[in-house]
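For the protein sequence lines, the chains are A and B, in the order given. Residue numbers for the first sequence follow numbering that gives the first Met the number 0, beginning at 0 and rising by one. Residue numbers for the second sequence follow numbering that gives the first Met the number 0, beginning at 0 and rising by one.
Be aware that a few hints might be false.
[What the hints assert, rightly or not] Which residues of chain B face chain A? A few of them, derived with a C-beta cut under 10 Å, are:
(1) A54
(2) A86
(3) L310
[Claimed, not checked] Cut-off 16 Å, straight-line C-alpha distance, at most; resulting in silico cross-link-like pairs (EDC-like, lysine to aspartate or glutamate):
(4) K271(B) - D340(A)
(5) K51(B) - E28(B)
(6) K271(B) - E123(A)
Keep in mind the hints are simulated off the structure, nothing from the lab. Each residue gets a CB set at the ideal place from its N, CA and C atoms; glycine is no exception.
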Amino acid sequence: MNELRTILGDVVTRLFTDLVTKDLLESAERGEWPAALWQAVEENGLTLPLVAESKGGAGGTWDDAFVVIRAAGRHAVPLPLAETIVGSWLLSGAGLDVPSGPLTIAPARRDDSLRLVRAGSSWELRGSAARVPWGGAAEHVVVVAEAEGRPMVALAARGAVVTRDQNLAREPRDTLVFEGSPVAAAPAARGVPANAVWLYGALARSAQMAGGLDYLLRQASQYATERRQFGKPIGSFQVIQQNLAVLAGHTAAAGTAAANAFRAADRGDAAFEIAAAKVRVGEAVGVGASIAHQTHGAIGFTYEHALQFVTRRLWSWRAEFGGEGDWAVELGRAVAERGADALWPHLTAR
Amino acid sequence: MQTFHFELGELPPAAEALRAEVREFLRRELGDTPPVLRAHSWGGFDRAFSKKMGARGWIAMTWPKRYGGHERSALERYVVLEEMLAAGAPVSAHWIADRQSGPLLLRFGTEAQRQKFLPAIARGELSFAIGMSEPDSGSDLASLRTRAERVPGGYRVNGTKVWTSNAHLADYMIATFRTHHDPTKKHEGLTQFLVDTKLPGITMSPIIDLAGSHHFNMVVFEDAFVPEDMRVGEEGAGWRQVTTELAFERSGPERYLSSFALVLELIRAVSKDPGERAAATVGRLVAHLTTLRQMSLSVALMLEAGENPNLEAAVVKDVGTTFEQEVPEVVHALLGLEPTIDSGSDLQQVLGFLMQRAPSFSLRGGTREILRGIIARGLGLR
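Please construct the entire structure, taking both the sequences and the accompanying hints into account.
Written as structure tokens, this is what we have:
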């Protein structure tokens, strides 16, 4: 791990440990925007790891962004941090200015499409996008849409109409309606496809989930050494040990799959690795959340215990930007099209 | 709690250049070998093939040149291994010697032992088996009882080894015997030996596996004489030596590729026009495969860097063998084809072979339960 990443890792861990408290998570769930947390994250330079230093960013790589997004998942950070990182990357790649403040990305569902229409010398955005993460809280929305035969990136002020909704962790997932809003737009960077929001949204969720699993493994292992029944720590029972070893295996696989996708994003075409990561990490989440709860017994099923801040996020993130089924079909079709004999050369070339 | 780290790494250009050479060799050597034979993976025993590997310099790749090795990196060796496994090459005649017995002699053997055995192993001419398990010592390996008593010039051995794979084909085995007995200290008093499989006093009989194949053996020692100079390492150092061996055994590509031939046949069968269900099944398997390859490679890189990734190796083997065992299961769930022995399609035969072979994946090289115990220790639970 290089120096920048080590420093980044220390900064995010310290910051999130200090500021993302149970009280803060509870107030975020009641709909309060954690302004002080956002300010601290922005001031520490965590929101723009992929934006050039000359434009006010950190000038880093996807590998650096992975450290931040994974930590955000581990601490259940109630902010559109992953969305801001992806959004600012799209904007700067297209040569557009990156505004300060929280960003979100749209469309968040595969079947929603936003239309970018030329209006004289500028552009307008039309259409609606449902379940946009932090749609009502973000100050700007970054959209990727195909216009005039090529992928374009657009920066819109928040949509005129917002219908509020939320995911299982009560994170905002709002519907935004654009009725000809004027937007800044420019062709996307080379290699960024028209479905970039869907693709890189899945990438971001993979890292958040890998982080969430890190938390589950650490928390469940610690609980098993503290909680005593039958006169000894429950972690001394082989059945608990075996379950936690399974959780450890899924956590390790999830971290590897997500890291691999971020590395591929630095190289360019990452569609294969992102699909593989969303499938593998999502599956790990299903097993992992179940084992973590089983280990904690009834106390882990309460709102009082912090475990649920992470598990409820994992259950939603798993489905956002495509579930395992969606991505497995996509991956499977690509593999089948290349044929059996191409599989091994393809795997070893990645 | 110990933290796992699976840092991603890159194979060096020299390793990637070697890959093309290995593929070309395999294309020529394996030709139209049927899928069901390729599915034997590292189970196929073929001395002629092993000699060709030796001539190419693809055995003993990392060993010093003075012992017939080639002083190449562990990562170049990793590339050769994964290419052999992915192609289903019959590597069994040299696999154990290259992976375990040779490295054991390099670390703990005498100079005379190294001179005598290592160059022949490197040429692909000497095949090894491993004598560890006994009728009453499986997972509880330290309880083993086969005795080696000191006699003038060497040791007299009495006892029984079981599940000794390919002992009937191998030239030598590395066997672990008890040289000292203290019931309160069972990890002490174990010693490793080089045993010529043709020694008087050794009787072998086959243990036929559930599919009717012979690779396991029962090896009975009755007053077999093993000369002093065939002891490996110090008397009583056996346990430490054995555990070192196992760490290297657990993370290799053979721990996730055992069912690769079935994944390929599945893709062949559905590739014309995969429906959604078939595509999802293939996609999920490939997501697991590519992740496992990165995990296994990550451990190889740690080994190359001189780290001690025992815990990570146990994780790779547990996750990898779980995947290997799942492949026949999901192929059945998707297609419901009848598994066969030697009739029907290639897919059916490979399915039939692996369905019957799969239970062994989480037994050999440390059972799933033992590995998970090791992982739990890493988590601070024991």
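Against the 16 Å threshold, does the CA-CA distance of K51(B) and E28(B) hold or violate the hint? Holds - the C-alpha atoms of E28(B) and K51(B) are around 9 Å apart, at most 16 Å.
Assess, step by step, whether the Cα of K271(B) is no farther than 16 Å from the Cα of E123(A), and give holds or violated. violated (43 Å)
Hold the hint about A86(B) up to the distance rule: shortest CB distance to chain A must be less than 10 Å. holds (8 Å)
K271(B) paired with D340(A) [C-alpha distance capped at 16 Å]: Status holds; Cα separation ~13 Å.
Does A54(B) meet its interface restraint, that is, does its C-beta lie within less than 10 Å of any C-beta in chain A? Hint violated; A54(B) Cβ to chain A Cβ min 24 Å, cut 10 Å.
Does the closest beta carbon of chain A sit nearer than 10 Å to the beta carbon of L310(B)? Holds. Min distance 9 Å.
The structure fails hints 1, 6 (numbered hints given earlier, in ascending order).
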